[in-house]
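Given the coordinates of chain F, assemble chain A onto it according to the supplied hints.
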Amino acid sequence: MDKTLVKKIQSNPNYIELVSKRTSFAIKLGVFVLAMFYSFILVIAFNKELLGTKLSEAGVMTWAFPVAAGIIVISFITTLIYVNRANGEFEDLTDAVREDVKDDL
Amino acid sequence: MRLLALLGLTAVAVFAAGESLGLEASRKELNIPAIVMFFIFVGATLGITYWAAQKTKTASDFYTAGGGITGFQNGMAIAGDYMSAASFLGLSGLVYLQGYDGLVYAVGFLVGWPVILFLMAEKLRNLGKFTFADIAAYRLGQKEIRTLAAFGSISVVTLYLIAQMVGSGKLIQVLFGLPYEYAVILVGIMMIIYVTFGGMLATTWVQIIKAVLLLSGVTFMGFMILSNFGFSFEALAQKAVDTHAWGQDIMAPSDKGKIKDPISAISLGLALMLGTAGLPHVLMRFFTVGNAKEARKSVVYATAFIGYFYLVIAVVGLGAIVYLTPEVSPEFFVDGKLFGGGNMAAIHLSKVVGGDIFLGFISAVAFATILAVVSGLTLAGASAISHDIYSNVICKGNADSEKEMRVSKISVIVIGVVGVILGIAFEKQNIAFMVGLAFAIAASANFPILFLSIYWSKLTTRGAFIGGFIGLITAVLLVILGPVVWVGVLHNAEPIFPYAYPALFSVTTAFVSIWFFSITDNSQRAKDEIEAYEAQSVRSETGFGADGASGH
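Line order of the protein sequences matches chains F and A.
The numbers in numbering that gives the first Met the number 0 rise by one with no breaks, and the one at position 31 of the first sequence is 30.
The numbers in numbering that gives the first Met the number 0 rise by one with no breaks, and the one at position 257 of the second sequence is 256.
Pulled out of the complex, with its shape left as it was, chain F reads as follows (with noise of 0.2 Å):
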């Protein structure tokens, strides 16, 4: 790929827009995600009592399980969400580029 392709790409209003959008979408994820697992890593490292608080006096369950089984859970609504956005209007952005500069592909 040459400067002046690498340039026209860069300045193609489409292009911008992909890649703002996917950015700014894909970190937010992420970030999501990384707190998420990170304040429960936290909670291990200072607080191990929190999650040991049971669910109910009379029962052994705690909260650690239900939290454990969120987080899993949440992982795969999240990789869904981005499934969902990035095969529909990332493809499409990424395919209006593809249609701008197709002649000095």
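Everything labelled a hint here was simulated from the structure, so no lab data went into it.
Possibly wrong hints are sitting among the right ones.
[What the hints assert, rightly or not] Taking lysine-lysine pairs in the DSS-like style, the calculated list, with each CA pair at most 30 Å apart, reads:
| id | chain 1 | residue 1 | chain 2 | residue 2 |
| --- | --- | --- | --- | --- |
| 1 | A | K122 | F | K20 |
| 2 | F | K27 | A | K292 |
| 3 | A | K128 | F | K101 |
| 4 | A | K122 | F | K6 |
| 5 | A | K457 | F | K6 |
| 6 | F | K47 | A | K238 |
| 7 | A | K128 | F | K2 |
| 8 | F | K53 | A | K259 |
| 9 | F | K7 | A | K526 |
| 10 | A | K526 | F | K2 |
| 11 | A | K255 | F | K47 |
| 12 | A | K142 | F | K2 |
| 13 | F | K20 | A | K457 |
| 14 | F | K6 | A | K128 |
| 15 | A | K128 | F | K7 |
| 16 | A | K122 | F | K7 |
| 17 | A | K427 | F | K47 |
| 18 | F | K27 | A | K128 |
| 19 | F | K2 | A | K122 |
| 20 | F | K7 | A | K457 |
| 21 | A | K122 | F | K27 |
| 22 | A | K457 | A | K128 |
| 23 | F | K6 | A | K292 |
On a predicted model such as this, the values are computed, not experimentally measured, just so you know.
Just chain A now, with coordinates in the frame of chain F:
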């Protein structure tokens, strides 16, 4: 089929050798039905694999998007990579020994996925490069990056290999009653034969078949366990708390296990999260699917399968606590200890819930898994030595292919021997924990360079090379000087480095050194490399210009 016969012969030969030497091999009676089932299932798995591999070969070229692999299948294969013996045997064993701590690993292994998908996978796929060395060498110096990548791969492969060797050695020990050392040697020989004769069989199909079998197997185990407790997880947990020596402490992260202090917890979290992205065999899976849409879908499927698997493993682990005690099931205990150690909890439990036939099935699936993973790892290690170091660096790209092949074959044998020796040395370690260490090295040596080469325009060859080696050496040294190797394997009284998990220190060191040696690099070459970032960046966003990976 010749491969099968060879494997079978080796097994019989080594087994007979053990017998004829009059070794006190077995302290337990041989479980003939389970062994017969074991051979039938291992044979069938290898047979199907062989058949499928033949078919794939003729269908179309595997990596250039022939369309043979759908998103669903690829998701299954990714899950198969993940559900290695280490996850299955190691995580269930960890829950069995330390309760909830095992789940912390499970959560960490899974969370790596969305992070890779959001921040890395898309760009790597668009670049059309799928090994760590190829990506980092896209705009940086081939020679330096390949040397670094080779050493990084060998370190990660070695630790991963140890985990698998311990798992399979224990499995053979338990099933055939061989002494552990003989079992590991047997596995080592089988591994070398498998790689030499059938290395090409280790394709996507192995992982798909294995993933299906393993998912069905653990589902059955989980179902049987829960059915005894009226399908109440609470009732199962209640019984586990009553049975386990730690009591209520198994229901939450505990100070009694390895994650006892804040540093260990933070460090482990970092390794699990970032290590996934540094594992080369996982990155490659994004390229086995024809187009980007299917590749993304495969991640959704994979995350679902892996998440489900880990949730069931929690049930299996708690079930093991309940059913595997010297009082309830004395047949699994030798001198008051679980035969084969905690890593074998899932194997013994399979006999409790499904009898000898199911035991044979689960052992066979676990063993076939290990063989596939181990051969993949050995091939990766051997190609790092023969292709990256010997051919590209020592011979500067002029090695003739015959010599390269010979170096590769010798490497396989060397890696096999090293694997056996280390497998014996690390006998007592939990294998999920060992995988955690492999992740720590991947997170320190591979991840920073991968990440910075995509996101940081000012990364230079010098920064990547010097900083990468500093990160790698720090990680390896801290593992050796830490409690696992220094105390557990080398039997010193006190570790020099007090923490079992090095990632917090080694990842930080790696990032800081790469940054420092990049920004202080004022050479012309560095300027060219920085300039090349623009083109790389456009390609990584769009996929334009990448061979076969754009998928249109």
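Hint-by-hint comparison with the structure:
| no. | hint | verdict |
| --- | --- | --- |
| 1 | A:K122 with F:K20 | holds, 15 Å |
| 2 | F:K27 with A:K292 | holds, 21 Å |
| 3 | A:K128 with F:K101 | holds, 22 Å |
| 4 | A:K122 with F:K6 | holds, 19 Å |
| 5 | A:K457 with F:K6 | holds, 19 Å |
| 6 | F:K47 with A:K238 | holds, 22 Å |
| 7 | A:K128 with F:K2 | holds, 21 Å |
| 8 | F:K53 with A:K259 | holds, 21 Å |
| 9 | F:K7 with A:K526 | holds, 22 Å |
| 10 | A:K526 with F:K2 | holds, 15 Å |
| 11 | A:K255 with F:K47 | holds, 12 Å |
| 12 | A:K142 with F:K2 | holds, 26 Å |
| 13 | F:K20 with A:K457 | holds, 24 Å |
| 14 | F:K6 with A:K128 | holds, 23 Å |
| 15 | A:K128 with F:K7 | holds, 24 Å |
| 16 | A:K122 with F:K7 | holds, 20 Å |
| 17 | A:K427 with F:K47 | holds, 27 Å |
| 18 | F:K27 with A:K128 | holds, 26 Å |
| 19 | F:K2 with A:K122 | holds, 20 Å |
| 20 | F:K7 with A:K457 | holds, 22 Å |
| 21 | A:K122 with F:K27 | holds, 17 Å |
| 22 | A:K457 with A:K128 | holds, 20 Å |
| 23 | F:K6 with A:K292 | holds, 27 Å |
In the structure shown, no violation is registered for any of the earlier numbered hints.
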